[in-house]
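*Asks:* Next come the chains, spelled out residue by residue.
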Amino acid sequence: MADRIDPLPADALYTRCDPAIFPFETTAELTQPNEVLGQTRALRALAFGIDMRGDGYNLFVLGRPGSHQLEIVREFLERRVERPDSARDWVYLNNFDDERRPAAASLAPGRAIRFKHDMAQLTDDLRVAIPAAFDSEHFRNKVSEIDRDFEERQRVWGQAIESEANENGLSLAPTPQGFVMAPLRDGQILSDQQFEALPADDRQRIRETMASLSERLRRHVEEMPQWHKERRERIRSLQREVTDSVVVQPIEAMKVTYGDETTLARYLDAVREDVLANSQLFQASEERESPFAMSLQMQLRRYQVNVLVDHSTAATVPIVYESNPSVQNMLGRTEYVAQFGALVTDFTLIRPGALHRANGGYLIVDAQRLLVEPYAWQALKRALFAREIRMESLGQLMSLVSTASLEPDAIPLDVKVILIGERQVYYLLAAFDPDFGDLFKVSADFEDRIDRSVENSQHYGAQIASIARREKLRPFNRAAVARVVEHGARVLGDAGKLTTRLRDITDLLRESDYFCTQAGAPTVDVAHVERAITERISRLDRLRGEMQDEVLRHSVLIDTAGGVIGQVNGLSVIQLGEFAFGRPSRITATVRIGQGEIVDIERETELGGPIHTKGVLILSSYLAARYCHRQPLSLRASLVFEQSYGGVEGDSASVAETCALLSALSNIAISQRFAVTGSVNQRGDVQVIGGANEKIEGFFDLCKARGLDGNGVLIPYDNVQHLMLRADVVDAVRRGEFFVYGIRTIDEAIELLTGLPAGVRDANGAYPPDSVNGAVERALTEFAAVRREYDARGAAKTSDKAAHAHGGDRDG
Amino acid sequence: MADVPRIVVALDPSVSEASAFDVLRYFGDLDADLAGVFIEDSNLLSHARSSLAREIDVHGARDFAIESLERQLHARSAEMRRYFESLARAMRGHHSFHVARGEVAAEIERVAANCELLVIGVARAHRGLRARWGADVHRLTAVGASTTVFTRDSRSSNAIVTAVVRSIEDVAAVGPTALRVARTSHAPLRVLVVADGADAIAQTRDAIASALAGFERAVRYDVIADRTSATLERAVGAQEGCTLVLAAGEADAELLRSLLEETTWNVVLVRSAVV
Chain P
1 MADRIDPLPA
11 DALYTRCDPA
21 IFPFETTAEL
31 TQPNEVLGQT
41 RALRALAFGI
51 DMRGDGYNLF
61 VLGRPGSHQL
71 EIVREFLERR
81 VERPDSARDW
91 VYLNNFDDER
101 RPAAASLAPG
111 RAIRFKHDMA
121 QLTDDLRVAI
131 PAAFDSEHFR
141 NKVSEIDRDF
151 EERQRVWGQA
161 IESEANENGL
171 SLAPTPQGFV
181 MAPLRDGQIL
191 SDQQFEALPA
201 DDRQRIRETM
211 ASLSERLRRH
221 VEEMPQWHKE
231 RRERIRSLQR
241 EVTDSVVVQP
251 IEAMKVTYGD
261 ETTLARYLDA
271 VREDVLANSQ
281 LFQASEERES
291 PFAMSLQMQL
301 RRYQVNVLVD
311 HSTAATVPIV
321 YESNPSVQNM
331 LGRTEYVAQF
341 GALVTDFTLI
351 RPGALHRANG
361 GYLIVDAQRL
371 LVEPYAWQAL
381 KRALFAREIR
391 MESLGQLMSL
401 VSTASLEPDA
411 IPLDVKVILI
421 GERQVYYLLA
431 AFDPDFGDLF
441 KVSADFEDRI
451 DRSVENSQHY
461 GAQIASIARR
471 EKLRPFNRAA
481 VARVVEHGAR
491 VLGDAGKLTT
501 RLRDITDLLR
511 ESDYFCTQAG
521 APTVDVAHVE
531 RAITERISRL
541 DRLRGEMQDE
551 VLRHSVLIDT
561 AGGVIGQVNG
571 LSVIQLGEFA
581 FGRPSRITAT
591 VRIGQGEIVD
601 IERETELGGP
611 IHTKGVLILS
621 SYLAARYCHR
631 QPLSLRASLV
641 FEQSYGGVEG
651 DSASVAETCA
661 LLSALSNIAI
671 SQRFAVTGSV
681 NQRGDVQVIG
691 GANEKIEGFF
701 DLCKARGLDG
711 NGVLIPYDNV
721 QHLMLRADVV
731 DAVRRGEFFV
741 YGIRTIDEAI
751 ELLTGLPAGV
761 RDANGAYPPD
771 SVNGAVERAL
781 TEFAAVRREY
791 DARGAAKTSD
801 KAAHAHGGDR
811 DG
Chain U
1 MADVPRIVVA
11 LDPSVSEASA
21 FDVLRYFGDL
31 DADLAGVFIE
41 DSNLLSHARS
51 SLAREIDVHG
61 ARDFAIESLE
71 RQLHARSAEM
81 RRYFESLARA
91 MRGHHSFHVA
101 RGEVAAEIER
111 VAANCELLVI
121 GVARAHRGLR
131 ARWGADVHRL
141 TAVGASTTVF
151 TRDSRSSNAI
161 VTAVVRSIED
171 VAAVGPTALR
181 VARTSHAPLR
191 VLVVADGADA
201 IAQTRDAIAS
211 ALAGFERAVR
221 YDVIADRTSA
231 TLERAVGAQE
241 GCTLVLAAGE
251 ADAELLRSLL
261 EETTWNVVLV
271 RSAVV
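Taken in order, these protein sequences are the chains called P and U. The opening position of the first sequence corresponds to residue 1 in my numbering, with each subsequent residue numbered one higher. The opening position of the second sequence corresponds to residue 1 in my numbering, with each subsequent residue numbered one higher.
If you are wondering where the hints come from, they were derived from the structure by calculation, not from laboratory data. Among the clues, some could well be false.
Some chain U residues close to chain P (C-beta under 7 Å, calculated; not the full set) [unchecked claim]:
| hint | residue |
| --- | --- |
| 1 | Pro-13 |
| 2 | Ser-14 |
| 3 | Ser-46 |
| 4 | Ser-50 |
| 5 | Ser-51 |
| 6 | Leu-52 |
| 7 | Arg-54 |
| 8 | Ile-56 |
| 9 | Asp-57 |
| 10 | Val-58 |
| 11 | Ala-61 |
| 12 | Asp-63 |
| 13 | Phe-64 |
| 14 | Gln-72 |
Note that beta-carbon positions come from the ideal geometry of N, C-alpha and C, so glycine has one too.
Sequences are here, hints too, so could you generate the full structure?
*Replies:* Following this line, the structure appears as structure tokens:
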């Protein structure tokens with residue numbers, strides 16, 4: 001018999017955090033900044049990624065959701081980066097050569113806003129100065145001079161030809177379309193009869209004169225548009241001259257102010273030329289609200305400055321987090337306004353995207369959100385490869401919008417992108433997107449857990465203080481902090497580790513604060529933390545209650561007393577979102593003579609997963625290796641999770657299944673007071689499983705409901721280090737009402753379950769006859785003998801049939 | 001002055017721009033009967049009746065057929081009517097529009113009987129030919145309207161308003177009219193005082209200044225030696241647009257003729273102010 005297996009002491013079931021390790025009474029005494037717990041590797045990677053220059057050194061931060069990677073990355077960047085000059089202001093300006101292609105210009109940080117104000121001031125000044133110049137006596141006189149020249153030229157010509165007509169007996173008068181000419185005598189138009197009565201010479205002379213004058217008049221009429229054009233040209237030239245006298249000084253002054261920005265110097269020259277060509281825009285009266293006046297006002301927008309990125313108030317290089325990384329939010333967008341029933345746009349309606357705002361700094365994006373936004377991932381990759389931001393509207397990409405739009409200048413891009421996502425996303429991108437490796441060369445892998453050392457527990461306490469301060473919670477006393485640390489271990493299901501997933505901890509702190517407030521206490525105590533934990537479980541465990549009720553009402557059959565052959569209590573874990581609980585299951589085994597098959601009914605019915613199937617195959621191999629060295633495994637056994645109608649996965653039931661099988665073979669009853677969990681290998685060693693705490697508590701709850709009667713749970717010995725059991729379980733153990741055993745081998749399990757020695761082979765290689773193993777081996781030997789006998793009879797029959805058949809042939 | 005003043009606007013085919021009607025805006029606040037008349041010039045019609053008449057325009061020279069002229073007159077009168085009615089609807093009082101056919105000056109005399117305000121459209125330069133009114137202008141000055149406005153086109157409407165006063169008697173007529181025109185056209189106002197002895201100048205100037213009190217802008221005052229066309233042209237300067245407001249007298253026909261022939265100004269002859 002193996003050494004006696006003692007139940008675990010109560011102290012082994014829960015590793016307390018000693019409040020005395022915390023050097024404070026309450027968290028209010030801690031004022032140091034947030035610390036990042038146990039992320040040395042990830043922070044080193046972050047530092048490397050930030051410092052590393054060169055194409056593609058963008059970062060992917062891997063970690064479980066809820067680990068506050070965003071906050072950690074942000075704080076890390078804010079602490080690390082200083083204000084350099086690399087982040088430039090960016091503006092979009094009108095392109096006077098092609099308004100559909102607005103021009104981008106960069107300025108030193110903070111100068112864009114100033115330039116915008118200066119341009120607005122220039123426009124306002126010109127709206128006063130240009131009308132004043134055009135209203136000046138000098139300009140009016142010059143215009144009048146031109147008009148008088150024009151009219152004088154017309155008058156001289158007209159009166160000359162009119163006089164000539166009159167001298168030749170012709171009347172000349174204006175008509176709505178031109179001139180009319182007719183013979184005149186004594187102030188009256190000659191009738192046809194009067195004309196015919198004239199001497200032939202006179203008639204001929206009149207006709208010739210009319211023909212000659214008509215031709216001159218026609219040529220004159222033809223020339224009139226040219227005269228008008230000349231007049232307009234002279235006036236236009238005068239307007240340019242007058243306008244330039246007003247514009248030149250302020251424009252040159254601005255060129256001096258912004259002389260170091262070469263793009264702006266060119267732009268200001270273009271502004272000057274445009275003002276000279278469009279001085280009428282500055283003469284629209286403000287009193288007029290006609291559509292025409294409004295249209296002129298709209299046209300003055302061409303001199304506005306659209307500040308896309310302004311760093312005038314920035315203390316550091318840009319650190320931008322884009323929570324909704326759609327194409328438009330990343331690359332910027334062009335808005336439209338309705339004007340006279342049509343949608344129109346111009347460069348002033350260009351809006352920046354996250355890449356614009358982050359240019360020269362850092363852009364943080366949630367990878368999963370980015371990937372589900374149509375075209376957003378491709379757009380980001382294009383921008384990073386091309387190192388420029390080229391605005392592309394999704395509507396245009398998909399040909400959904402037919403209205404005229406803009407093609408703004410691309411803006412050079414110098415940004416470090418930090419994607420935050422789950423590991424699976426990272427591995428998928430690395431596996432399936434060939435560009436990913438080129439663009440995201442640095443990965444920062446955040447730990448999900450840290451060792452639960454005293455030092456780390458103290459840091460955990462400091463972290464709790466930081467969160468309490470940030471969330472404006474009441475101070476936590478040291479006992480409450482210690483309880484939160486213990487919860488940090490329980491969340492992981494490992495007494496020796498602490499979760500770094502701060503979302504769980506933050507929620508617990510908030511909820512503890514809530515119950516503290518409810519109680520009117522000034523400081524959060526351990527009772528408030530306990531209440532928060534209990535209430536949270538209470539909110540989530542409706543299904544657990546229902547399942548236990550079904551067992552108590554014998555709708556689901558689970559024995560917790562007595563002994564049954566071939567039947568054992570197994571344990572499984574049900575995960576419902578953030579909540580998990582243990583559930584006992586009855587596992588039964590039946591055996592008969594066969595050819596070494598162990599039928600996993602779960603697998604046969606396709607309810608068992610591959611890992612469970614693997615566990616069953618391992619146990620069959622264990623049986624053959626242990627008991628059938630010299631004989632075939634002549635067994636056919638069936639294993640089943642009774643009343644299990646869902647899937648079964650994992651190998652944590654393989655110890656229980658082995659025990660059920662050994663019980664069935666040995667015909668020795670298994671105590672139903674116990675439940676078993678653990679996986680077995682081919683050598684019969686019991687291996688660690690997950691969810692040990694939940695499984696123990698699940699069986700405890702059932703037994704407690706029926707009345708504790710020496711019940712207990714067998715778990716792998718290596719799981720003992722993970723135990724962080726509920727206080728009521730620990731108390732029951734302490735009172736000797738409930739037991740937890742850590743087992744290393746199948747033999748230890750079978751001894752505890754049967755109360756009999758497992759048995760060790762003697763010098764002759766035989767197990768003691770009154771041991772469990774002896775009974776198992778005996779049963780298998782009997783199965784083998786029967787099978788051999790059966791096989792021999794079957795072979796003889798086959799041989800006789802063959803002989804008969806052969807003889808018949810021969811006879812025949 | 002009648003209880004409801006009567007305003008008559010007369011245009012003929014030589015006036016190419018309907019915007020000559022725009023001067024009506026100066027009197028938009030009056031509750032007046034407004035009559036628009038388009039006069040189909042019998043002189044043109046007599047040309048058209050001659051088979052020898054030739055019309056010359058940008059397309060060349062051709063026979064001037066009566067049917068063609070009728071079509072042109074019809075189109076022009078329709079255009080004038082539309083513009084007139086669009087203005088008249090914005091004003092108070094009744095309005096009507098009709099087309100008359102005959103000798104222009106005679107028709108104006110006929111339709112303008114008993115009107116307080118007569119607006120006559122005058123082409124700027126008749127495409128270089130002499131202004132129509134040369135010989136007939138004395139008939140128009142004698143029509144008897146309180147105020148007669150010879151309007152050119154919209155280019156002159158918003159230009160400087162120049163009031164010409166010779167005496168204190170002129171002030172009562174010229175002052176309110178010049179003030180009204182300057183205000184409603186948002187134009188600057190200038191006063192030319194005709195020299196007639198040092199004391200009279202000062203008194204006249206004080207009187208007109210009093211009449212113009214309350215005008216929103218500074219008023220410039222100048223003294224001129226006489227009220228001839230040449231003097232006025234020199235005094236006003238080479239202003240392209242000007243509305244000249246002056247008191248009407250029996251001997252003003254020659255001044256008016258030369259102003260209409262030599263300048264492009266609007267001319268407002270005032271017997272008594274229509275305010």
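*Asks:* Each hint: holds or not?
*Replies:* Hint check:
Restraint check, Pro-13/U versus chain P: the minimum CB separation of about 5 Å is within 7 Å; hint holds. Taking 7 Å as the C-beta cut-off, the interface hint given for Ser-14/U holds, the closest approach to chain P being about 5 Å. Below 7 Å, beta-carbon pairs count as interface contacts, and Ser-46/U has one with chain P at about 5 Å; its hint therefore holds. A hinted interface residue such as Ser-50/U counts as satisfied when its beta carbon comes closer than 7 Å to some beta carbon of chain P; here the least separation is about 5 Å, so the hint holds.
The interface hint given for Ser-51/U is met, as the beta carbon of that residue sits about 5 Å from the closest beta carbon of chain P, less than 7 Å. Annotation: interface hint on Leu-52/U holds; nearest CB of chain P at approximately 6 Å, less than 7 Å. A hinted interface residue such as Arg-54/U counts as satisfied when its beta carbon comes closer than 7 Å to some beta carbon of chain P; here the least separation is about 5 Å, so the hint holds. A least Cβ separation of about 4 Å between Ile-56/U and chain P falls short of the 7 Å threshold, and the interface hint therefore holds.
With a cut of 7 Å, the hint placing Asp-57/U at the interface with chain P holds, because the nearest CB-to-CB distance is about 3 Å. Here the hint on Val-58/U is kept, as its CB sits about 5 Å from the closest CB of chain P, short of 7 Å. Among the interface hints, the one on Ala-61/U holds; its C-beta lies about 4 Å from the nearest C-beta in chain P, closer than the 7 Å criterion. Among the interface hints, the one on Asp-63/U is violated; its C-beta lies about 10 Å from the nearest C-beta in chain P, farther than the 7 Å criterion.
Look at Phe-64/U: its Cβ gets to within about 5 Å of chain P, closer than 7 Å, so that hint holds up. For Gln-72/U, the interface hint holds, since its Cβ comes within 7 Å of a Cβ in chain P; the closest pair sits about 4 Å apart.
Checked against the numbered hints given earlier, the structure breaks only hint 12 and satisfies all the rest.
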